[in-house]
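2 protein chains.
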Amino acid sequence: MRKELSRLIELDREIVLLAHIQALLSWDQETYMPPKAVDERSEQIAFVEGLAHERLVSKEIGELLGALGSTGGADLAPSEAAFLRVLRRAHDRAVKLPAELVADLARATTLGQAAWVEARSRSDFAAFAPYLERIVELERRQAACLSGAASDSAYDALLDLFEPGSTEASIRAVFGDLRRELVALLGKIQSRPQVEDSFLRRPCAAERQATISSWLMGLLAYDTSRGRLDTVAHPFTTTLGVDDVRITTRYLEDCFGSSVFSTIHETGHALYELGIAPGAEFVRTHLHDAASMAVHESQSRMWENMVGRSAAFWRPNYAKLSELAADALAGVGLEAFVRAINKVEPSLIRTEADEVTYGLHIILRFELESELISGRLAVRDLPSAWKAKTGELLGLVPPDDARGCLQDVHWSAGLFGYFPSYALGNLYAAQFWAAMEKETPDLEERIESGDLASLLAWLRRGIHQPGAACLPGELVRRVTGSALDPRHFVRYLNEKYSRVYGF
Amino acid sequence: MRKELSRLIELDREIVLLAHIQALLSWDQETYMPPKAVDERSEQIAFVEGLAHERLVSKEIGELLGALGSTGGADLAPSEAAFLRVLRRAHDRAVKLPAELVADLARATTLGQAAWVEARSRSDFAAFAPYLERIVELERRQAACLSGAASDSAYDALLDLFEPGSTEASIRAVFGDLRRELVALLGKIQSRPQVEDSFLRRPCAAERQATISSWLMGLLAYDTSRGRLDTVAHPFTTTLGVDDVRITTRYLEDCFGSSVFSTIHETGHALYELGIAPGAEFVRTHLHDAASMAVHESQSRMWENMVGRSAAFWRPNYAKLSELAADALAGVGLEAFVRAINKVEPSLIRTEADEVTYGLHIILRFELESELISGRLAVRDLPSAWKAKTGELLGLVPPDDARGCLQDVHWSAGLFGYFPSYALGNLYAAQFWAAMEKETPDLEERIESGDLASLLAWLRRGIHQPGAACLPGELVRRVTGSALDPRHFVRYLNEKYSRVYGF
Chain A
1 MRKELSRLIE
11 LDREIVLLAH
21 IQALLSWDQE
31 TYMPPKAVDE
41 RSEQIAFVEG
51 LAHERLVSKE
61 IGELLGALGS
71 TGGADLAPSE
81 AAFLRVLRRA
91 HDRAVKLPAE
101 LVADLARATT
111 LGQAAWVEAR
121 SRSDFAAFAP
131 YLERIVELER
141 RQAACLSGAA
151 SDSAYDALLD
161 LFEPGSTEAS
171 IRAVFGDLRR
181 ELVALLGKIQ
191 SRPQVEDSFL
201 RRPCAAERQA
211 TISSWLMGLL
221 AYDTSRGRLD
231 TVAHPFTTTL
241 GVDDVRITTR
251 YLEDCFGSSV
261 FSTIHETGHA
271 LYELGIAPGA
281 EFVRTHLHDA
291 ASMAVHESQS
301 RMWENMVGRS
311 AAFWRPNYAK
321 LSELAADALA
331 GVGLEAFVRA
341 INKVEPSLIR
351 TEADEVTYGL
361 HIILRFELES
371 ELISGRLAVR
381 DLPSAWKAKT
391 GELLGLVPPD
401 DARGCLQDVH
411 WSAGLFGYFP
421 SYALGNLYAA
431 QFWAAMEKET
441 PDLEERIESG
451 DLASLLAWLR
461 RGIHQPGAAC
471 LPGELVRRVT
481 GSALDPRHFV
491 RYLNEKYSRV
501 YGF
Chain B
1 MRKELSRLIE
11 LDREIVLLAH
21 IQALLSWDQE
31 TYMPPKAVDE
41 RSEQIAFVEG
51 LAHERLVSKE
61 IGELLGALGS
71 TGGADLAPSE
81 AAFLRVLRRA
91 HDRAVKLPAE
101 LVADLARATT
111 LGQAAWVEAR
121 SRSDFAAFAP
131 YLERIVELER
141 RQAACLSGAA
151 SDSAYDALLD
161 LFEPGSTEAS
171 IRAVFGDLRR
181 ELVALLGKIQ
191 SRPQVEDSFL
201 RRPCAAERQA
211 TISSWLMGLL
221 AYDTSRGRLD
231 TVAHPFTTTL
241 GVDDVRITTR
251 YLEDCFGSSV
261 FSTIHETGHA
271 LYELGIAPGA
281 EFVRTHLHDA
291 ASMAVHESQS
301 RMWENMVGRS
311 AAFWRPNYAK
321 LSELAADALA
331 GVGLEAFVRA
341 INKVEPSLIR
351 TEADEVTYGL
361 HIILRFELES
371 ELISGRLAVR
381 DLPSAWKAKT
391 GELLGLVPPD
401 DARGCLQDVH
411 WSAGLFGYFP
421 SYALGNLYAA
431 QFWAAMEKET
441 PDLEERIESG
451 DLASLLAWLR
461 RGIHQPGAAC
471 LPGELVRRVT
481 GSALDPRHFV
491 RYLNEKYSRV
501 YGF
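For the record, the sequence lines run as chains A and B.
For the first sequence, this note's numbering begins at 1 and goes up steadily by one.
For the second sequence, this note's numbering begins at 1 and goes up steadily by one.
Keep in mind that the hints were calculated from the coordinates and are not lab data.
Please read these numbers as outputs of a predicted model, since none were measured by experiment.
Glycine included, C-beta positions come from ideal geometry on N, C-alpha and C.
Keep in mind that a hint or two might mislead.
[As the list claims (entries may be wrong)] So the derived list for chain A, only partly shown, Cβ under 7 Å to chain B, looks like this:
1) GLN190
2) GLN194
3) ARG226
4) ASP244
5) TYR501
[What the hints assert, rightly or not] Computed footprint of chain B on chain A; a stretch qualifies when at least three of its residues, placed anywhere within it, have a C-beta under 8 Å from a C-beta of chain B:
6) 15 to 23
7) 46 to 54
[Claimed, not checked] Label-pair ranges, simulated between beta-carbon atoms:
8) A:ALA221 <-> B:GLY391: 49 to 59 Å
9) A:PRO35 <-> B:ARG487: 39 to 49 Å
10) B:LYS320 <-> A:SER214: 42 to 52 Å
11) B:GLN29 <-> A:ARG460: 36 to 46 Å
12) B:ASP327 <-> A:ASP254: 49 to 59 Å
13) B:LEU97 <-> A:GLY148: 48 to 58 Å
Extracted from the complex, chain A is given alone in its bound form (with noise of 0.2 Å):
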């Protein structure tokens, strides 16, 4: 089996590969490429899109899967055994989508992307509807080939698309804890005097926040000789290839924060990838990749708001903070800093969410995605659901669509099943914090004084070398001891507000 194995690996370089290829192609195009190049550049990415997912679907990587899942896998590594599910993953899934149903999905959401874009700058969702009807159908035949006629919800199949082996139910019970918790802690922190924040928009230089970014990039050791920063418009982070990690990011002038926490985040997303290590055999493989989306968020989400938020990073280094802001900071302590940049207030729009009221947003999506692929909600009637479900959730009634159901790109594109990914790398980043902090209890201390070595060497270890060699809830259980459970992450909000707000 040994030679089949070779084999399959070998061919799975080359779709890798290409989708590191396929990955420069994009990154290009949203950092430096000239407008009027558009067109082709969709040609490309399609182009090298459709060599690798003729390779994935060959029939010789099939007949290799075939041979060597038949053997039973008894003289496998695990390592090896993990390659085997991965792969066979991708390419089962890419053998069950008809060419047909990908051609008509591609083509919907390239529509549907265009008309929300319009739609959403008119707030009008009446002009919105058709295209969101024809992906919504079109997803359901998706979730409908994926899952064969076995599965109970259409919605599972989507799910499990971003978070393996998550499912409506497991999601549903996680959420509705966390809704619970969610709600009256708003509830204390709303019962006292709000934080000031304004000097969080005072000007500051793109130039400046600039230095800034590169200074985060380093302090979170953040390999540049293997990673890069550009601008854009929605900063992402992205894999050209495994030693080519690139994050991005933009500068407000007049909201400096913004392009500080989405360096810290879009790193965290980048350590991640920079430090998945499956072994010499398995470099540049499907192993080579994230356990999940989800996962994924916690890194981000981890550097960014557990990190990034908190009182002990910012004190060895607010000084220099101050100092490089300038004027934007000048006659700012760091309490006061650190008050603000934790805020939480409700708000309409989820990009702009605090922590406490991010997860009640993804809920209000998740609740409302899985009605409209059950068939329960109408499209037609998305504006009113999501309009009473605001109310419910956030005590806010958006005026408008556009601050409403037509605020976010991801129905548009077809990423249902998406955005639980959101909430679930909140609670995995306070449940991995909570076990590094069991093996390392003086944690903050060594935060506090300059020390972030510590935490990545152990994030490293439990979660960025596996990479995809181990599935999400697999991975939560070996690292922490136990199934994902929200508490920790409740447990860790009501810490740090009560702190903040003084309850």
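Starting from the known structure of chain A, arrange chain B on it as the hints suggest.
Same frame as chain A, but now just chain B:
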């Protein structure tokens, strides 16, 4: 035959698309790629190159070319016939080279370039000689494969790679006249007092130079919605798509002229690429390409030297340049500036040579590389042959091989047959210019009044638009009414330098 032709165009578009992707991979490597990504990037480039090669030599393309060739082509439009000629040439060439030889050459030149970098830094020709011997041997085998047993001169087959239709004999005839004239002109110049140019070495900050470069790109009507400028170690132009042609430069703080003229030079290349318009049917095929390397150089050198180093160009633009260059040009008038940027002085390094001595550097390389390929000169005798010829042509003797036969990268990269393109480019440029002046007698006045649009329009119509539809020999005849004639260049140089040096 329509169906076969359409299919061939479709297949060829994939090959060109892959070439554009490869160009992005290489552009990124030179501009932004993190250093540790270099090994993976080489693999990515080799992989894409392999995909393109596979397609180019494919049985289907061979059969389609065969089917279309055997009909006699009586019913083909001229652009269709040209497309078949260009694609057949590329296909035949790729088919003639055994995969083993291609791989051997790739390996030998990769090793050769690394050895060359090292040898040049220590001026140690003996360390490089074995690598060069291997490359020369493989180049001779390549030439034999390309030409079959038919050709008298292996070097002809290599010249034809870069300048289709040229031969050693045809170039030797042209260079013979050129050499005599250049030596005579140099003698006249050296009998006159030297011009003053020390102010060109005054410091000028990189940001100022960047502003100057952007301004120049605008003056030359380089459409930055279809291109851009970045900084690199060795400036180049590259085509990532028909609407994505990018240039590069570098900013030497004590030599701002370097970025001024390299920006104009590379913009000349970009204007050519952006102006190729083979008709909708052939967009993004092999017909959508330059006529040859020498025609490409004719465009970059025409803009750099015939426009960018002329008094006519600077008359309306010098005030702005001295404002942007600030201290660097303080107290320097237009006439002194134009004299300084046209200073002639024999020197050892080709890339720093002026317009008069540049041709002598090329003739030296042409003569030596033809002897190396024919076997009349042994690699071990190259340093002494180089020294002798430099003395003969330039009146100088290199004190070491780093400033002698180790100065250029080309031979270590296997680019035998490429050097003549540089000098031919100058000859084409002068001959095109003479034709343009005949049709537009007030060309100089137009340029003096700041009108570069008529010049560009003429180039687009006559030279850019046809792209690869004309062989270079045909192009020069069609545009100028006669075969390549070095006297145009000689006349241009004599007129220019009699003004600069007052004889």
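Against the structure, the hints:
1. GLN190: At 46 Å from the nearest chain B Cβ, GLN190 of chain A fails the 7 Å test, so the hint is violated.
2. GLN194: violated, 43 Å
3. ARG226: Holds. Min distance 5 Å.
4. ASP244: For ASP244 of chain A, the interface hint holds, since the closest Cβ of chain B sits about 4 Å away, which is under 7 Å.
5. TYR501: Violated: closest Cβ of chain B sits about 42 Å from TYR501 of chain A, beyond 7 Å.
6. 15 to 23: Three-residue rule met by the segment 15 to 23 of chain A, so holds; n is 3.
7. 46 to 54: holds (count 3)
8. A:ALA221 <-> B:GLY391: 49 to 59 Å: This hint holds: roughly 57 Å between Cβ atoms.
9. A:PRO35 <-> B:ARG487: 39 to 49 Å: Because 45 Å falls inside the window, the suggested range holds.
10. B:LYS320 <-> A:SER214: 42 to 52 Å: Cβ of LYS320 of chain B to Cβ of SER214 of chain A: about 34 Å, so the range 42 to 52 Å is violated.
11. B:GLN29 <-> A:ARG460: 36 to 46 Å: Check failed, 28 Å falls outside 36 to 46 Å.
12. B:ASP327 <-> A:ASP254: 49 to 59 Å: Once the Cβ atoms are compared, 36 Å apart, the range 49 to 59 Å for ASP254 of chain A and ASP327 of chain B is violated.
13. B:LEU97 <-> A:GLY148: 48 to 58 Å: holds, 50 Å
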